[in-house]
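These protein sequences, in sequence, are chains A and B.
Each step along the first sequence adds one to the number in the numbering used here, with nothing skipped, and position 15 is 21.
Each step along the second sequence adds one to the number in the numbering used here, with nothing skipped, and position 400 is 805.
To be clear, the hints were calculated from the coordinates, so they are not data collected in a lab.
One or more of the hints may lead you astray.
Said to hold, decoys possible - Cβ pair distances, simulated, as ranges: (1) A428/B to D83/A: 45 to 55 Å; (2) S92/A to W555/B: 42 to 52 Å; (3) M534/B to P11/A: 55 to 65 Å; (4) Y9/A to V748/B: 28 to 38 Å; (5) V23/A to Y740/B: 35 to 45 Å; (6) D77/A to R559/B: 44 to 54 Å; (7) L844/B to A97/A: 22 to 32 Å; (8) D90/A to R641/B: 47 to 57 Å; (9) G61/A to W555/B: 45 to 55 Å; (10) K798/B to F93/A: 44 to 54 Å.
As the list claims (entries may be wrong) - Pairs of lysine to aspartate or glutamate residues, derived as EDC-like cross-links and limited to a Cα-Cα distance of at most 20 Å, are as follows: (11) K118/A to D858/B; (12) K47/A to D603/B; (13) K866/B to E126/A; (14) K10/A to D858/B; (15) K47/A to D83/A.
To be verified - Under 7 Å between C-beta atoms, here's a sample of chain B residues computed to sit facing chain A: (16) S598; (17) P670; (18) S843.
Just so it is clear, CB atoms sit at the ideal spot from N, CA and C, and this is done for glycine as well.
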Amino acid sequence: MAYKPPKQSLAGQIFDVVTLLVLTIGALYVPLYLGLAGAVKVPNPIANPTWEALGQNAAEQQQWAALGITDPAAANDIITARFDYSFSWSALIVMVVLVIGYFVMVVRLSDKEYREVIDERFGDKKR
Amino acid sequence: MANVTSTAAEPERLQLLRVLGPAHIWALGVGIVLVGEYMGWNFSVGKGGMIAGLIACWVAGLLYTCVAMIDSEVTSTVAAAGGQYAQAKHIVGPLMAFNVGLFLVMAYTMLEAANAITVGFLLDTVAGMQGHSGLNQQPFIILAIMFLAWLNYRGVLATLTFNLIITAIAFLAIITLFISVQFGASSVPLDFSAVTSDPLPYGWVGIVASLHFGLWYYLGIEGTCQAAEEVRSPARSLPYGTMAGIMTLLIAATMTWYVCSGLIPWEYLGQAGTPLFDAARVTGSTTLMILLFVGTTFATLASANGCINDASRAWFSMGRDRYLPSWFGAVHPVYRTPYRSIVFLVPIALIFALGAPLDQVVTFSILSGLLGYTFMTFNMVMFRNKWPLDTIKRGYVHPFHPLPTIVLLILCSTAYFAVFLGYGTQLSAMMCFYIVASLWFHFRRYQFVRRGDQFTMPWPKPQGY
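So that you can see chain A by itself, here it is in the shape it has in the complex (with noise of 0.2 Å):
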């Protein structure tokens, strides 16, 4: 005996729509929002800035000029920032379990339904 889906109302799909819409645009927009997001890259200014200071030799010059950028103090910003690649351990490793527990459940998960599938597909019940 095949399985037979429940009819979803009108109001029922809306509701799954809505959940997922807020679900992706909150998991997304959220960490944004707060200020979460985003690398660090910090800006180490120099104090009266030359070219030269900044490391940037005739050739760079030329094409810093040819971008728009004729001052030094207006690139110094660019050049000093840097990212800040530090992190804690504690971070990582729970990276780590939510990376490789999400695929280990969904695999489980998955496998769960997908008996059902074979069983009704091929006819096996003695699942």
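Following the hints, complete the assembly by docking chain B onto the known chain A.
Frame of chain A, contents of chain B only:
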């Protein structure tokens, strides 16, 4: 109209048209991805320096070669709309398929948003060069997304033929810039002194970190599989179009790195919005500037176009299988396109295009893509285990199995760490999203899914079941 809304209940439901050839597959894959050469890849230089950017380009190329090899085998055998989604449904199970569908929709919708942001940024830059700085980018972002959604709504053949033409022009623009610079068309010399004077500003960790945006060179090539149900000969067109696409992109990526790194100081390049256009500006050649302006515009439009095509197919497939409300599984009675899915995804793309920074949107797209590539590793192993080579006919058999799978898994793990370096919060937020969405599907949504309908391939029972 009502007769096209319900799906499985009708014996003669409308099907997608089989009208595409290998060139369209190439255009779909390269069209989505070529924009990665025009913007976004250069953030890898910002994360690790020039050398790290080049290594990331090639390492990511290796990762995507594995993806293309694996995908070609599985998709040429599971030739159904939804690509990897259909693969997951037949090989791993419904919940995995639901997740893969979400990966695809998120990766492509975020990429579409990134493209629209770039269109606005490019027009703002050009307006500024003409003395009209402060251009309001939002109308152009909205217009780009709405126009392409309309094009997709009207039909897949016209959409992908349009993509074929503008992708070819965008690709030729990169080659023209490369050749022109080689033959001295630039008034400013190529300068690679930073390779020796400041080779690894972050040390070796910078090389790992740069892999994050190195993926952007090729992200979306796997989208060729989305059109599996609309190609005339899946077994021939899909492997041929996908592999030709990855070769095209490897060449374009290397040329792009060479020209941009030689013409733009790496500190500027690492945060530029439109690096190839900036490289053309540095040459001082008006012709090259116009060409790369056109190339950037066409690349972003082609990519957004392909993204709408792919995201809507994945959403449509989930609706047709009732993983989402079946209302989304409708095919337009005249244009034969998944029109409701196309229209539904427009506002989501707009929300992110209008409200999030480019690097964040790019990261969301990369993360969803990365999860999809991780899925491909165990999917490939399960595919070979459940249906060994002599049990079903495959359109293409990739060589050296399981080497590509192992390499892909190692590179994916490295890429997760690369994203973690600097964008760990987004990674954790996205994982939480997929975990909650999975629980929602398994404990609520799955009750509406017809079990037996989830396996439609004419294959024998999988081994071990």
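Hints versus structure:
1. Separation of A428/B from D83/A is about 46 Å and conforms to the stated range, judged on CB atoms against 45 to 55 Å.
2. A C-beta distance of roughly 48 Å is found between S92/A and W555/B, which places it inside the suggested range of 42 to 52 Å.
3. Separation of M534/B from P11/A is about 59 Å and conforms to the stated range, judged on CB atoms against 55 to 65 Å.
4. Between Y9/A and V748/B the beta carbon distance is about 32 Å. The supplied range of 28 to 38 Å therefore holds.
5. Take V23/A and Y740/B: their Cβ atoms lie about 23 Å apart, and the range 35 to 45 Å is violated.
6. The hinted window of 44 to 54 Å between D77/A and R559/B holds, with their beta carbons roughly 50 Å apart.
7. For the hinted restraint 22 to 32 Å between L844/B and A97/A, the CB-CB distance of approximately 24 Å keeps it satisfied.
8. Taking 47 to 57 Å as the suggested C-beta distance range, the pair D90/A and R641/B conforms, at roughly 50 Å.
9. In this structure the supplied range 45 to 55 Å holds for G61/A paired with W555/B, their Cβ-Cβ distance being about 49 Å.
10. K798/B and F93/A have their C-beta atoms about 48 Å apart, which keeps the hinted 44 to 54 Å range intact.
11. A C-alpha spacing of about 16 Å is found between K118/A and D858/B, which places the hinted pair at or below 20 Å, so the restraint holds.
12. At most 20 Å may separate the alpha-carbon atoms for a hinted pair to count; K47/A and D603/B meet this at roughly 18 Å.
13. Restraint check: the Cα-Cα separation between K866/B and E126/A comes to about 11 Å, which is no more than 20 Å; the hinted pair holds.
14. Annotation: proposed proximity of K10/A to D858/B holds, straight-line Cα distance about 11 Å (limit 20 Å).
15. For the proposed pair K47/A and D83/A, the alpha carbon gap of about 10 Å is at most 20 Å, so the pair holds.
16. Satisfaction of the interface hint for S598/B is found here, the shortest Cβ-Cβ separation to chain A being roughly 6 Å, below the 7 Å cut-off.
17. A cut of 7 Å between beta carbons decides the hint on P670/B: the least distance to chain A is about 5 Å, and the hint holds.
18. With its C-beta approaching chain A no nearer than about 6 Å, S843/B sits inside the 7 Å limit, and its interface hint holds.
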